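Enquirer: One letter stands for each residue in the lines below.
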Amino acid sequence: MGQLMELDLKKISLREINNTLQSLDISQEDQNFTITNPEGCHALCVGIKQEININIEGHVGYYCAGMNKEANIKINGSAGTGVAENMMSGTVSISGNVSQSAGASAHGGLLYVNGDASSRCGISLKGADIVVGGSVGHMSAFMAQSGSLLVCGDAGDALGDSLYEADIYVRGKVKSLGVDCIEKEIRKKDTDKIMDLLSKCKIEDINPDEFKRFGSERKLYNFDIDNISNY
Amino acid sequence: MCGIVGIYLKNSKYELSLGSFLADMLNSMEGRGPDSAGFAIYSKEIKNYYKYSICLNKLSENDFGLRAKEYFDNHKIYKHSDHIVLETTEEPEKALTILEKNFAEFSIVGYGKSINIFKQTGNPKDVVKNFQLSSFSGSHGIGHTRMATESLVTTEGSHPYSTAEDECLVHNGSLSNHNNIRRILIKEGGKFKSDNDTEVAAGYISNKIFKGNDLETTLKDSLKYLDGFYTFIAGNKDGIALLRDEIACKPAVVAENEDYVAIASEFQAMAHLPDINEAKIFEPEPGIVYSWGN
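Chains as they are written, first to last, in this note's numbering: chain A, 3 to 233; chain B, 632 to 925.
These are computed hints drawn from the structure, not numbers from a lab. A quick note: this is a predicted structure, and the numbers were derived from the prediction, not measured.
DSS-like, lysine-lysine: derived pairs with alpha carbons at most 25 Å apart: (1) A:K12 - B:K760; (2) B:K911 - A:K12; (3) B:K756 - A:K12; (4) B:K911 - A:K76; (5) B:K744 - B:K868; (6) B:K851 - A:K177; (7) A:K204 - B:K911; (8) A:K177 - B:K855; (9) A:K13 - B:K756.
Isolated chain A, as found in the complex (with noise of 0.2 Å):
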């Protein structure tokens, strides 16, 4: 482990610190770094491919940490719309709330969020795991493919609308389960992926049997004229 550097966006552009950050050669240089001053600036820290640990300390604006590989974020306060959009792996996490869109089409790693995260809450996963400590807004998961949604706390309208294969968990209350979207049954291996990102997320005071899984009806797979009210 190197020595922690700080970049500050007072003094450093953000095009700067982004290209410091994409192309660092982790053999030679500091691993470890703390963003100061992001002022809700757009784009920080994205597309970022090497294992290297950053801290953001500040509210941050659109697609941060978007497209991420290996590195791991931490936000330590709000996050605009599109946060780890895109993300293949590594971890992203935020203290505060976040806007929409968190974690879109995210393919891999893992996206915490300690506060809420609003409407299209992890829109056409892909495979990565997100969660939510606090509530998601409407049309969460909506055409989620791949990966899980756990939420500790409610859910709003259309959640899982047009479903794939990505499992949602919810602890609270769904005010609406979206088209082709139903709840199922919790397997072993459900509980087990719930204690395991639970226990990733250091989230102690909650209990894994709390949760409901909800998954796609598979219905809308393939066209069928009988389905057509539903498309």
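Starting from the known structure of chain A, fit chain B onto it as the hints suggest.
Expert: Frame of chain A, contents of chain B only:
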């Protein structure tokens, strides 16, 4: 696009800084709306006095002043860039009739006992500077930076829209049924100065409030009548209110602490507010009216 901002102070601590807070908020929303900008700031009422904010439309302060002497007994005129504020004891019903009849080349931007409202085409940073927004004090205010998607880039096309005493509205989004609503409101006596969709929304709100509804109920009802995408921030002399349509494609973020509530299209707009890193930051839920005020 378009950027919208609003701030409501919960106590008097930052009253003198309100203008400079709002100025920083508008300046940082330049990227979302580089065409035009405007703001409304609410300050203490002066007993029995009304403020009429009027755009000079390239005429001079003197042109207005000379004529004002003929029609208004007791009045003062303050110049702010290409606007003047006419301060008089004349009540709106009479004053507006005089202004519309005898000052037709000038445009009334808004009026009331508490509101100071200004708008202009051009880069928001220039607009903020031209009106010396930083020098204003008050209890709450809203602002807008415009990227025109419909209706012309003109002062009439800029926000905020004020369609009744001390009321105003800014909007990020687009309404799809505004022509129909405009026709209905015109039949009920409504007057419109532009083809802009937001002016119709403002007119709709004023119409409902005139009929005796409060702002919160009116906004809640507008979910049924106004079709389209929107995040609205409405202001009146008591405070500000926020509403997003139920699909909620148009962004909004709220920051709240014990001293103030700030609303903006993006967090960047409030990054400079005091103690912002400790404030509660959240995205307002769709279809819910949030209001802060007395």
